[in-house]
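> Taken in sequence, the protein lines are chains A and B.
Residue numbers for the first sequence follow numbering that gives the first Met the number 0, so the first one is 0 and each next one is one higher.
Residue numbers for the second sequence follow numbering that gives the first Met the number 0, so the first one is 0 and each next one is one higher.
Hints may contain errors.
Not the full set, but computed from the structure, chain B residues with beta-carbon under 10 angstroms of chain A [to be verified]:
no., residue
1, 0
2, 80
3, 158
4, 182
5, 217
6, 222
7, 259
These are computed hints drawn from the structure, not numbers from a lab.
Using N, Cα and C, we set each Cβ at its ideal position, and we do this for glycine too.
2 protein chains.
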Amino acid sequence: MSLLVTGSIGIDSVQTPYGQASDVLGGSAVYFSFAATYYTPVRLVGAVGGDFPEEFRKVLGEREIDLAGLETRAASKSFRWSGSYAGDMNEAETLETKLNVLAEEAPKLPEAFRDSAFVFLANTHPALQRDLVSQLTSPKLIVCDTMNLWIETTREELLRTLRVIDGLVLNYGEARMLTGEQNLLTAGRGILKLGPRVVVIKKGEHGAMMVTPKGVLVLPAFPSEKVRDPTGAGDSFAGGMMGYLAHADRTDEAAWREALVRGTITASINIEDFSLNALRRTKRADAEKRVEQYLAMMPGG
Amino acid sequence: MSLLVTGSIGIDSVQTPYGQASDVLGGSAVYFSFAATYYTPVRLVGAVGGDFPEEFRKVLGEREIDLAGLETRAASKSFRWSGSYAGDMNEAETLETKLNVLAEEAPKLPEAFRDSAFVFLANTHPALQRDLVSQLTSPKLIVCDTMNLWIETTREELLRTLRVIDGLVLNYGEARMLTGEQNLLTAGRGILKLGPRVVVIKKGEHGAMMVTPKGVLVLPAFPSEKVRDPTGAGDSFAGGMMGYLAHADRTDEAAWREALVRGTITASINIEDFSLNALRRTKRADAEKRVEQYLAMMPGG
Chain A
0 MSLLVTGSIG
10 IDSVQTPYGQ
20 ASDVLGGSAV
30 YFSFAATYYT
40 PVRLVGAVGG
50 DFPEEFRKVL
60 GEREIDLAGL
70 ETRAASKSFR
80 WSGSYAGDMN
90 EAETLETKLN
100 VLAEEAPKLP
110 EAFRDSAFVF
120 LANTHPALQR
130 DLVSQLTSPK
140 LIVCDTMNLW
150 IETTREELLR
160 TLRVIDGLVL
170 NYGEARMLTG
180 EQNLLTAGRG
190 ILKLGPRVVV
200 IKKGEHGAMM
210 VTPKGVLVLP
220 AFPSEKVRDP
230 TGAGDSFAGG
240 MMGYLAHADR
250 TDEAAWREAL
260 VRGTITASIN
270 IEDFSLNALR
280 RTKRADAEKR
290 VEQYLAMMPG
300 G
Chain B
0 MSLLVTGSIG
10 IDSVQTPYGQ
20 ASDVLGGSAV
30 YFSFAATYYT
40 PVRLVGAVGG
50 DFPEEFRKVL
60 GEREIDLAGL
70 ETRAASKSFR
80 WSGSYAGDMN
90 EAETLETKLN
100 VLAEEAPKLP
110 EAFRDSAFVF
120 LANTHPALQR
130 DLVSQLTSPK
140 LIVCDTMNLW
150 IETTREELLR
160 TLRVIDGLVL
170 NYGEARMLTG
180 EQNLLTAGRG
190 ILKLGPRVVV
200 IKKGEHGAMM
210 VTPKGVLVLP
220 AFPSEKVRDP
230 TGAGDSFAGG
240 MMGYLAHADR
250 TDEAAWREAL
260 VRGTITASIN
270 IEDFSLNALR
280 RTKRADAEKR
290 VEQYLAMMPG
300 G
């Protein structure tokens, strides 16, 4: 089934203990799309400025990504982010964020995308997320991401958004902030009461947890010795997850469990190199092979 | 098969966001023994002072713990520890440690315990650990714990100990400190080169990882909403793990995997209440029921 993503398309500069990359392709919707297209084509909605390199457009063209919703605003500048990671690389230190085109009007949802069945709203202002939801004609599954900024500054807007979506993906610090609960399972169950029927809490190198009214899924991260750049880990996690669900055209509990395994694996591939490099060179067959390796590393495997 | 543990037997005072307990039974060998006796009897070696309450001795008598190696030194005082936990409770803040009897001569290994097959050396000076190893007549599996203090101050002694044991259990901060590697898998593999053929890295609320020459096992923690006091989590983890191995009388990879699941579960029970309270009231059948619940919470389950 069709999968829509809307989020940032950016130009990143990143430094980690393993190297650095300057002015490389990044952004939540981009990481999401590269991970999701292991499983299904993606419709991308986002905006870039006149400075967006032709070369990056070619990279986006490598995958089955429908760019009809990619707006280029010649007079604007693209979103830029620079950050660095140290130590266990669990958290980025943001050095600079230039919202640029992201601070302007939201990109339009093309008429042809309104019938999208599976929808992922990457982290942005919750009112904009709700605005996009209102334009959908026949959604089967709407999942969104959020961040500490919106939890702190636009809490009421966020709570309204949580009432119109199906799933929320957020990291553990955000889950604690949103609910005021230290215990992650209590936090997850608290979020279920706010509207979503699926809550996915990301824990970086420690894996993820899914909480639904039916139960709990706990997933360790795929242990890798080749972690070079965690940028986009959460977005590539969401991409693998949503790509699998859209491909399977299912939203039941069992499908979600399979989907979270895929998200874990696409994230693990992504962080092995800077920018989109690892996702670009890794084939779906290799990702599925890693799924098998991963399952074998767990007690039931 | 016989299971021997040597470690501390203490009197603890603990404060957490969920309450507090003063002058309660604690110590690494005690938590270990209560968890291990879900699966097999335990031989305990340790020393206490004349101040050790008769009531605590009765508690130890509730389980199949052979106390022939429990030395009571009337003129000495028992080991005391007090600490507090805040926030996510992943780390204790030690308020006071009184080594007392632990700073004296090591307790003697009774002649009848020398033939122990499965042996766990809880955290203590690595030279004392080695001394105990040298007294064993027919060990099948020797596993030890350690801590940052020995890694920093007696590194050479610790490295010598690592060459005469089979397995090392340590937390992730210690694994990083011992190897200088941030990546946990790299750290685990680095420790294998130092002697042990099994390395178990504990990650608190994030679970555990086992690294052997054959492969890797990753385990999330059992998600619980009832975490009240994490004291003894690592020791009850080791107890469930070693208790299962001794009970099965196996040291192969498959048995270790099963054993780590048991360790995860006994630790999850322990942290649901202060001191030994939760382990004391929970039956083996309930622990095994929780094993099933846990496996069902993972992708293969």
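> Of the numbered hints stated previously, which ones are contradicted by the structure, given in increasing order?
1, 2, 3
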